[in-house]
Each structure stands twice: as C-alpha cells, then as structure tokens.
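S.K.: Protein chains in written order, with this note's numbering: chain A, 1 to 452; chain B, 1 to 197; chain C, 1 to 303.
Be aware that a few hints might be false.
Just so you have them, the derived chain A footprint on chain B, three or more residues with Cβ under 8 Å [stated by the list, open to error]:
1) 125 to 132
2) 173 to 185
As a list, the in silico PhoX-like pairs of lysine-lysine whose alpha-carbon atoms are at most 20 Å apart [unchecked claim]:
3) A:Lys92 / A:Lys326
4) A:Lys136 / C:Lys74
5) A:Lys189 / A:Lys353
6) A:Lys423 / A:Lys182
7) A:Lys186 / A:Lys15
8) A:Lys15 / A:Lys423
9) A:Lys269 / A:Lys8
10) A:Lys92 / A:Lys207
11) A:Lys206 / B:Lys188
12) A:Lys182 / A:Lys269
13) B:Lys191 / A:Lys186
14) A:Lys185 / A:Lys353
15) B:Lys188 / A:Lys189
16) A:Lys207 / B:Lys143
17) A:Lys189 / B:Lys193
18) A:Lys31 / A:Lys423
19) A:Lys423 / A:Lys184
20) B:Lys188 / A:Lys207
21) C:Lys278 / C:Lys99
22) B:Lys191 / A:Lys189
23) A:Lys353 / A:Lys326
24) A:Lys274 / A:Lys423
25) B:Lys143 / C:Lys99
26) A:Lys353 / A:Lys274
27) C:Lys227 / B:Lys75
28) A:Lys287 / A:Lys95
29) B:Lys75 / C:Lys99
30) A:Lys206 / B:Lys191
31) A:Lys353 / A:Lys31
32) B:Lys185 / B:Lys51
33) B:Lys185 / A:Lys189
34) B:Lys75 / B:Lys135
35) A:Lys206 / B:Lys143
36) A:Lys207 / B:Lys185
37) A:Lys206 / B:Lys193
Quick caveat, the hints were computed from the structure, so don't treat them as lab data. In this text, a Cβ means the ideal position worked out from N, Cα and C, and glycines have one as well.
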Amino acid sequence: MKKSIPEKQLFNSIKERDLLGHIVKTSVRYKIWIAILLLFIVFGMYGYYRQIRYGLIVTAMRDYTSWGIYISNFVFFVAVSLVGSLFSSILKLNKNEWAKPLIRISEIIAVAAIICAAVIIIIDMGRPDRFIYVFKFGRIQSPIIWDVIIISTYLVISFILLYISLLPDIAICRDRLTAIPKWKKKLYKIAAINWSNQPEQVIILKKIGRILGITVLPVAFAIHTVTSWLFATTWRPGWDSTNLGPYFVSGAFMVGAAVIIFAMYFVRKYLNLKSYITTTHFDHMGKLLVLLSLVYFYFNINEYLGPAFKMVGVEGEHITELFVGKYAPMYWLVQIFGLVLPIVFLLFKNLRKPVPIVIISSFVILGAWFKRFLIVIPSLQHPYLPIQGVDESYLHYVPTWEEWAITMASFASLLLIITILIKLFPVIPIQELESPAEETSIESKKFKNEIS
Amino acid sequence: MKYLKYLFIRVLKIFTLVVFVFMSTAQIHAQDNVKEDALISLNFTENNNIKTIKATVTNQIGEPVEELDLYFFVKRTFSLLPIGDVFNTTDENGVVEVEFPEDLPASDTEGNVVILVKILESDLYNDLTVETTKKWGVPIPDKEYYQQNERSLWAAAANAPMSLIVSISIMILSVWYVIFYILYKLYKISKIKPYKL
Amino acid sequence: MENKNSNASSRRNFIKKIASGSLITVSGLTIYSVSSCEKSTEGEKATLLTPDGKLVQVLKSEIESFEQLPASPKESRKGIPGKKFVMVVDLAKCKNARKCVKHCDKHHNLTPDRPYIKVLEMKDNEKSAPYWMPKKCFQCDNPPCVKVCPVGATFKRTDGIVLIDNERCIGCRFCMAACPYSARIFNWATPPNVDENLSYSPETSIPSKIGTVGKCDFCPDMIRKDKLPHCITACPNGVLYFGDEIDDTVTNGEETLRLSTLLREKAGYRYLEELGTKPRVYYLPPVDRLFPFNKENAKKGAS
Chain A
1 MKKSIPEKQL
11 FNSIKERDLL
21 GHIVKTSVRY
31 KIWIAILLLF
41 IVFGMYGYYR
51 QIRYGLIVTA
61 MRDYTSWGIY
71 ISNFVFFVAV
81 SLVGSLFSSI
91 LKLNKNEWAK
101 PLIRISEIIA
111 VAAIICAAVI
121 IIIDMGRPDR
131 FIYVFKFGRI
141 QSPIIWDVII
151 ISTYLVISFI
161 LLYISLLPDI
171 AICRDRLTAI
181 PKWKKKLYKI
191 AAINWSNQPE
201 QVIILKKIGR
211 ILGITVLPVA
221 FAIHTVTSWL
231 FATTWRPGWD
241 STNLGPYFVS
251 GAFMVGAAVI
261 IFAMYFVRKY
271 LNLKSYITTT
281 HFDHMGKLLV
291 LLSLVYFYFN
301 INEYLGPAFK
311 MVGVEGEHIT
321 ELFVGKYAPM
331 YWLVQIFGLV
341 LPIVFLLFKN
351 LRKPVPIVII
361 SSFVILGAWF
371 KRFLIVIPSL
381 QHPYLPIQGV
391 DESYLHYVPT
401 WEEWAITMAS
411 FASLLLIITI
421 LIKLFPVIPI
431 QELESPAEET
441 SIESKKFKNE
451 IS
Chain B
1 MKYLKYLFIR
11 VLKIFTLVVF
21 VFMSTAQIHA
31 QDNVKEDALI
41 SLNFTENNNI
51 KTIKATVTNQ
61 IGEPVEELDL
71 YFFVKRTFSL
81 LPIGDVFNTT
91 DENGVVEVEF
101 PEDLPASDTE
111 GNVVILVKIL
121 ESDLYNDLTV
131 ETTKKWGVPI
141 PDKEYYQQNE
151 RSLWAAAANA
161 PMSLIVSISI
171 MILSVWYVIF
181 YILYKLYKIS
191 KIKPYKL
Chain C
1 MENKNSNASS
11 RRNFIKKIAS
21 GSLITVSGLT
31 IYSVSSCEKS
41 TEGEKATLLT
51 PDGKLVQVLK
61 SEIESFEQLP
71 ASPKESRKGI
81 PGKKFVMVVD
91 LAKCKNARKC
101 VKHCDKHHNL
111 TPDRPYIKVL
121 EMKDNEKSAP
131 YWMPKKCFQC
141 DNPPCVKVCP
151 VGATFKRTDG
161 IVLIDNERCI
171 GCRFCMAACP
181 YSARIFNWAT
191 PPNVDENLSY
201 SPETSIPSKI
211 GTVGKCDFCP
221 DMIRKDKLPH
231 CITACPNGVL
241 YFGDEIDDTV
251 TNGEETLRLS
261 TLLREKAGYR
271 YLEELGTKPR
281 VYYLPPVDRL
291 FPFNKENAKK
301 GAS
C-alpha cells in the first residue's frame, strides 16, 4: 500500500457502489479496529511466549483439571464454524431465498472459526514442537486423530465453499475496481481464474456448488460429533453420555445462528448495507434462533434428566455441583440467560428487531462460551477416586491471565480474519447466477415489505 | 555416693563385656565346629497324577537324620515359592515326603520347574541347598501367546481394527474424492476462454 | 542370586547382623563381625529365561555388564518375554506408612505434590470403616489411556505393563482425561533437579520431560534385573505383592504366595471392575486389619 490510489473509482450501478465501496475506501475506523485487534493478539502472543518458556505451569490447569479454557474455547470455535454449513447447505438446499445475503458472512465466519480452532488446539499442547508426530505416528484408533482428519477436511471444504460462491464476484472486482493498489489487482486477477461469466463456466460452477452443498452437511455434522467424542469416549461424569453428539451439534447450530445475527448487525451498520440486510432478515434469523434453541433445549433436558434422576456416584456429585454447588451460579446464568430467556423473548416480534435481537444474541453467544466451560471443567473435578494429598491449587480451576490473554487473542484473531476477508471481498453476493429475473422480483418484494 | 555409682557402672560394663564375649565365642564355636554337613537325596515319584518328592537326609556316616526341618521351594521370577506343609520334618528314617502341586505353572514351555530343597537354620547341620529340574510343571504358553498380533483399539497404529480402518478410509476417500473433483472442475473453469476476445 | 534367597535365610542373616552389630557397639571392642553367608559372585551362574521360554545358565558377571544401560525406547515397547506382571495390594495391612510413595518419588525424581503412588483415605459408605488404599497405575489390559493416545506415546507391552515414551508424547493430556483412576500426572513445568547426563528410557521414566505425561510404570528397569519394584521392597508392612501371572506367584519381598490361592482365599477384587478396563492390580479387602485406622500415621509419614 505504498502508492496512493491512482484514480477515482467509478461504479456501474448503485448496487456495485454499495457492495464494493468498502474495498476501495479504507476508513480510519477500520484502521483503529485492526490496531485494537492486533494489540490483543500481540498481548496473547506474549502470554503464549511465557507458556512456551515456562511450560503449561503458567496456566491454572493441573493434574485433575487437566483441560481448561483452551479446550472449551476450542469446542466453542468448532461450534461457531458450523454456521457455514447451516447457511450454505441447509438453508440453500431448502431454498430459503431470504438467507442468500447472509451466506457469504456465514462462510467467512466458518473459515475464520475453523482456523482459530485448529490453532487453539495446538496452543493447548504440552509439546507443540512435536505437532508433526500427529502425522508421523498417528494412531487411527484415537479420537484426536479423527478430529485432526475431520478438522483439516472441513477447513478445506469451507475454503472451497467460500471460494466458489465468491468467484463471480472476484471477477467483478478484477474487472471493475480500478482505484486499488497493484497487489490487490494481482490478487483478484489470480483468484478469479479467468472467470468471464461464460455459460459453460456458470453451469460447472452451479453444479459443483450443489455437490459441495450436499457434501458439507455430513462433514459439518461429523466435525462437531467427533469433537464430542473427545469427551464421550471417556468415563468422566457429564461426558460419558450417548447424547453428547447431537447435544453438541444442536448447541453449535444455536450459537452459529446467534453469531450470524451478531455479525450481520455490525456489517449492516458499518458497511451501510441497510437495504441489503433488512429487518426482515433479523426477524427470520430470530425465528430460526428460536427453533434451533428449542432443539438445543430438548437435548439439554436429555443430557441432565437421566443423571439427575439416578444420581449415580460421581455422576450425581457432578450434577449436584452444577445444580446447587460451586458451579451453580454459572450454570443457571447460562441456562436461563443463554437459553431459556432468549427463546421466550424472541417469540415477540418487537424483540426480533435489530437492536434487541443483537443484545439477545450476545447473551446466547456468551452463554454458549460458558456452557462449554461447564461441559469441560467441572467434569474433570469429579474423578472416581477422591482427590487427596495434592496441592491446594489442584482442587480449583481459575484461569490465569495468560490463559485469558491467549483466549482473547484467539477471539481477536477470529475477528481479524473475518474483518480482512470482508474488507477484501464483497460481503453480499453481487452477481446472482440463478435466474436473475426471479431474483430481483423477490428482492424488490422484500424492500416493499420493509417500506410499508 | 558418687564413687559408688561410678564403681557400679564400671562393674556393670565389665560384666556385660564378659557376657558378650562369651556369647559370641560360643556362637562362633557352634558355627564352625559343632555343625556338620548333611546329605539330602531326592526321589521323585508320580502315581495317579500325584507327584511326590521324597527327601532322605543322612549324615556324614550314612545314618538317617531324624527331626530335621526341610524346606521345599519352586523357583519363580522374583523369589522362591514354598511348597509342602509349613513344617516338613524328617521321620526316624530321615525321610520326608512332600506333594508337588499338580497345577503349578512351569518356568518354560516344556514343563520344567526348578525344585530346591534346603536345610535352613538348623542347630546341628550346615545350611544346604539341593537343586533339581523336573518336568512337573504345567507348560507355560509359548511365545505366540504374548505376541500382540490381535487388532484392537489399544494396539499400536499398525494393528488398528480392520473395520475402523476400512470405514474411516471409505469416509476420507469419498469426501476427498469430491474435494479433488471440485478442484479439477475449478481448473476446467479456468481453462474456458472468453468468446469476445 | 542373593535376592532369590528364601525368606528364612534372609531372616537368619538379619539376626546374625544384629548380633554382631551389638557386639561391636556395646563392648566397644572390634572382635570381628560374624561373616555373613554371602559368597563371592565370581563364577557364579544365574538361571535366566530366554525369549523362547527356555531356562539357561549364564555367568552372573555377564548379566551385570549387560545391565548398565536402560532399555532403548524401541526395546522398551516390546516387554519382557514370557511374563505378565501383576500386583496385589492387601488393604488389611496398610497403615499409610507412605514408604512406597517416598521411595517411588525418590527413584522417579518426583516432587511430593505429584507422586505416582497415592495412598487414599477411603470410606465406602457412612457405616463402613475407613481404610487406606495405595493406588498406582493399574496397567489395564484394556487400557483407556492407550486407546486414546493419538501418537502411540503410551503403549501396552507384552508383559502387561503400560509405559509412556516421554520423547514421543505431544502433551495433549487426552490419556489423563481418559484414565478413570487418575493415575497420570503431567510435567507442567520443567521437572526439578533433572540429571541431564542420564540417558532417557521409557523403562526408567527419568529424566522426565516438560510438557509430557508420567505415571507409575511397575519399574521395568528393576524387573529386568530380576528385582522387585521400589514400592514393594520399601513397604514395611508387606502390603504390596508383585509377581508374574504366568508363574502364578506373587511376593512382597518376605513371603511368596501363589496368586490364585491368595485371590481365592482372600476374595481378591479389582477396583471398578464394571468399567471393563481389566486392571492388573488386585486388591484384598480390608478385613481383619493389622493396624487400627489412624490418621496420625499420614502426618508422620509426610514429614
């Protein structure tokens, strides 16, 4: 970005100006935002430097609570990454036309989240220098290896998913954007791979889009189910459950929908996309969130009713700890503010308006993060044999500043990747490949609804 | 008083010294001179699956030794396993019989066991160990028994269960086939030239 | 062959040594110590079991020269041929003397807050009496920790022992989460007082490495020398028995018993049998106790 922008950008249409404008113009706000994110990342890197230097002793994890917020954060990111499949597969295959402007955002979030998840799991390792051993000595029997396989597969798929939906728009960027630095021009030229809206090209692209939309679905279900098996294949109370797979997947879809609402609110606000992401979208997303939360609620009941009814040994201790013990405040805050109340509130049309729904969504997201804390940590504190004769610090788990710094940095990285992808590419699809006439009519109908 | 006490202690010291010197010489004397060597001859019989070890103890001039405790052992990995009764005392003929347990595993695949008969801590006879190898044990399984060839979840990577390998391979191959197919199609897209130019 | 002497003969040596010792101290005169019955080992032969299950006679001096280096990581994966090691813990005899913990810590360079062996105060229900339960790795035959290891850093050997290769371990701690008996510890920081000159072997577990997992290993380095693990010989009350399942024999260093007889007569059980992990450590129930349950022992032992 050494050279100043050579010429003034001209756009062919209002739509192009709206959707491509932010790529050309770099605001001060954007720079400050990036700087803040980088600050968090640098701070987290300092925390990680300390962890590398002194070992995992800098964390609050000890022999009993041997997994901490790194793992719960990993589960959270894997959950978030499922949104990509929710939109580009489920809603697309169901022909939910209203969801179209949200597909790109969801795919960007999916890519960012799965990258962060992969990094977080390496940060949790005691010997990251031996990461290569996972491939060199990998045992197919280990659920971790299954997770490595499925995460790398999903990473590639979500990249391709994002890429093929972007391809026609990248070509537009290549053809129309003149007032951009040379490296960007080069990037668009390479990334557009000779796309020129040829009918043959359109046919192939539509075909592979369909194939991928179907393929991503089992892979997405698998990624979170396999992640749940990291827990379900052990005897820990709260993990030793056949319900864990669907419980995790449904929870992931719920938090995914909340993350989309959160993201679209800010994208709409800061990129001035009010006529593309409408209040109707928020209304629809609100309804979708209620539906997904109800499914998650159902699996929650399944997860806790059986053990709470039987109160078997350590399983009973674990349930007691969650319901009335040390973790009860967090547990009930999460379940009520992160699950029950959002369902109730979102039943009201007025609360599905942009501002209230984004507040509700942030509660859902926070609840989802702490829910994963509650899934990972209390389980480890109730082994079959009593915890005795160990240091006092082994009995509790309060994350250290290094752990928080690294976790915050992971969030900052997530936002940074999302921000950069949004800055580089149009966040709302410009070029519609399917029957353009029909498309515009629907779109215009939507605008009419909003006006009336 | 003080002198008396000193004297008393002095006397006590000398007395103890004398007693201990006496005791120790007595002990050394008993060990070196009084004890004699005994001979143990072993006879192994097997009748109706009952295996019996018959030990006959004689002294240097061939007379049977009566009322002597013998200890019977089988050699094991870390120690000697006692067999027979708690006390196995010789009778007037110097004979004691001990039944060998029929279900005792051997030390090797051929059924060999090392049997030891010992005289221990006798007042009259020196310690003695007689060692014999007999094919009386239940042969231990041969080395194939220990080899971990079976496929299992806890086996090494090379011995993963076949069903797991097959199902995971099918899943990986089918998904990655689609991925490569799509990459190939993207390559095809890049090769389509625009008409206009 | 000294370690193979019967219990009776070692007791005799002990008495002799006491007698000679008191002679010297009380009289203040060095008459001469009564020579023990230990013979010079030169030229003496040892009976060894070869990998194909045959007994051979080898010069003892040859074995000793062979013993010097611990087994290499590759060799450590194989296991000692023809053996299946087991441990029996007699809960009726344990009074929490903590000698096993102390010796284990010393030989594996462990800090007291993270021992391999834990002596737990157990109380099965309100009415039943409390008892001490020494707990180490159960060396399961269906080991959950080995199943989940992504890189095969922890493995099951042919002799039943589950070991960890600290040079392979990536520190994911999945095995710790998977072990229902909390047998594993983690080197969260660089282990203190590491002797860098020692060559690492999974069989000795030292020097242990930062960011990797450790646990009780049944001391295979000792077993290879036909010696009992440190905890067994350290226990003053004969609580811990060790042996070979194939031999059907266990010993606590003092008495040697048939494993099958011991388990049958004293109703031996394995902890949490219902999990299906098939532990190689058996417990004998805490009945007819030798010592009253006394918490004071723990404090004395810890100091």
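S.K.: Could you tell me which of the numbered hints above are not met by this structure, giving the numbers in increasing order?
M.R.: 1, 3, 5, 7, 9, 12, 14, 16, 21, 23, 25, 29, 31, 32, 35
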